[in-house]
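> Sequence:
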Amino acid sequence: MTALDGPVDQVAPMLLGGLLRHSEVAVRITEVEAYDGASDPASHAYRGRTARTEVMFGPPGRLYVYFSYGMHWAANVVCGPDGTASGTLLRSGEVVEGLDVARARRGRAADRDLARGPGRLTQALGINGDHVGTSVLGGGPVTLTFDPQPGAAVSVGPRVGVSAEADRPWRFWLTGDRFVSVYKRSPRAPAALA
DNA sequence: ACAAGGATTCACT
DNA sequence: GTGAATCCTTGTA
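Okay, so the first sequence: first residue is 0 according to numbering that gives the first Met the number 0, each after it adds one.
A hint or two may mislead.
[Claimed, not checked] For each label pair, taking beta carbons as the anchor points, the in silico distance ranges come out as:
#1 46 with 111: 10 to 20 Å
#2 145 with 174: 17 to 27 Å
#3 71 with 110: 15 to 25 Å
#4 162 with 37: 14 to 24 Å
#5 109 with 40: 32 to 42 Å
Derived from the structure by calculation, the hints contain no laboratory data. Glycine included, each C-beta is placed from N, C-alpha and C at the ideal position.
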């Protein structure tokens with residue numbers, strides 16, 4: 000029983016403002032996306048258990064990390080009760096600790112861009128495939144600290160990059176935050192309704 | 001065994 | 001704004 004075992008579209012916005020830490024680097028989460036296994040064609044787990052998506056069916060709080068476009072890692076926090084496949088993609092954040100380490104990992108990039116984007120965020124934190132299945136709820140190398148801010152304005156909008164169900168409003172971000180990635184609709188997604 | 005496509009980023013025009 | 005890089009996972013033969 001954790002704060003993560005509810006419906007993913009309710010859990011995802013709760014991660015906003017939270018702190019994800021991997022040793023000396025910590026990131027304040029500013030943007031997330033929810034993915035549900037059973038009802039969500041855009042989810043990797045939609046077609047059932049496979050070797051890759053197995054972790055999404057497990058207990059909440061574990062990391063699901065996958066390799067995308069042949070060059071980027073993207074990190075999810077598994078949500079929902081054990082046996083249900085859902086997860087929250089960590090899309091963007093602000094590096095608030097370990098700036099020097101994050102800068103070294105990200106090459107030449109503006110501080111604002113250190114973790115602004117799913118692939119950038121994992122790179123700044125040093126998260127990769129080795130961390131699949133690691134719990135972020137304590138005891139592991141990666142930890143997630145909730146920092147709920149009841150008064151904070153949260154925006155909701157369509158998801159990025161997915162070609163199916165792009166218009167499901169399951170992307171959440173802190174309204175007006177500088178450390179939110181720019182929205183760019185997938186070229187494969189059907190045109191938005193007028 | 002093979003072919004297709006992707007929950008993206010970066011450099012260049 | 002546009003296009004290339006790059007390799008893993010999955011479905012199909």
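> Each hint needs a verdict: does it hold in this structure or not?
Taking the hints in turn, this is what the structure says about them:
For the pair residue 46 and residue 111, the beta carbons lie near 37 Å from each other, so the given range of 10 to 20 Å is not met. At about 19 Å, the beta-carbon gap between residue 145 and residue 174 stays in the expected band of 17 to 27 Å. In this structure the hint that residue 71 and residue 110 lie 15 to 25 Å apart at CB holds, the actual value being about 20 Å. Between residue 162 and residue 37 the C-beta distance comes to about 19 Å, which sits within the given range of 14 to 24 Å.
Checked against the hint of 32 to 42 Å, the pair residue 109 and residue 40 passes, with Cβ atoms roughly 35 Å apart.
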